[in-house]
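Peer 1: Sequence:
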Amino acid sequence: MVRASQEEVRRQVAEVQRVAVTLDPQTGATEERAQQFDHLQQEFAGGADPFHQHLAKVMSHFRPGLFVGEEAFGVRDNLDLERWFRLPKGHERRIHGHRHAGVRIVQEGPTLIPVLDAHARHPDPFGVADLYPYRSAEPPACQQRAVSGRRIMRLARSTKSRQELLARLEDRYLNSS
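Numbering-wise, the sequence shown is residues 1 to 177 according to the working numbering.
Worth flagging that the hints you see were computed from the coordinates, not collected in a lab.
Being a predicted model, the structure only gives us computed values, none of them experimental.
Per label pair, the in silico range of CB-to-CB distance:
id : residue 1 : residue 2 : range
1  : Pro-64    : Asp-124   : 35 to 43 angstroms
2  : Arg-11    : Ala-141   : 53 to 61 angstroms
3  : Ala-120   : Ile-152   : 32 to 40 angstroms
4  : Leu-169   : Val-16    : 52 to 60 angstroms
5  : Ala-48    : Met-153   : 48 to 56 angstroms
6  : His-61    : Ala-137   : 38 to 46 angstroms
7  : Val-128   : Ser-176   : 39 to 47 angstroms
Ideal Cβ positions, reconstructed from N, Cα and C, are used throughout, including at glycine.
Using the sequences and the hints given, assemble the complete structure.
Peer 2: Listed below in structure tokens is the structure:
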């Protein structure tokens, strides 16, 4: 009963694999892969099959930043750049959605990103000697203000804690003047 649909899916998978080969940096030089990608996109755009039309449209949307040039930026292509960015904060992006990095990264980013990325530069487990120089490290003042503001705003949104927060802020205002 499903043989026809399975054949269609197999055919579509084969077409997607043809595109994936052009994205793999190990299959050739960037310029060569970019030409193959453009050729496939034109081939799919010229076809009458709705799947090919859709694939051509998706490829045209990805094309502008896909092959950025290894010499200029030290990155093979946009996928390599994306892999680097996923390394420290992939779990944050999955929690909050693909387009949103998450409040924690925005506010604690100056100290959080180097810590989450540390294993990329230091493959061995960290020992006391590695961590001892950072024993008295403090987060930057901008990060401390952002975290403090986040706490206040979370309390302000809470219907249970709002009265307590307002009373504390009023006391602080009265004592400051």
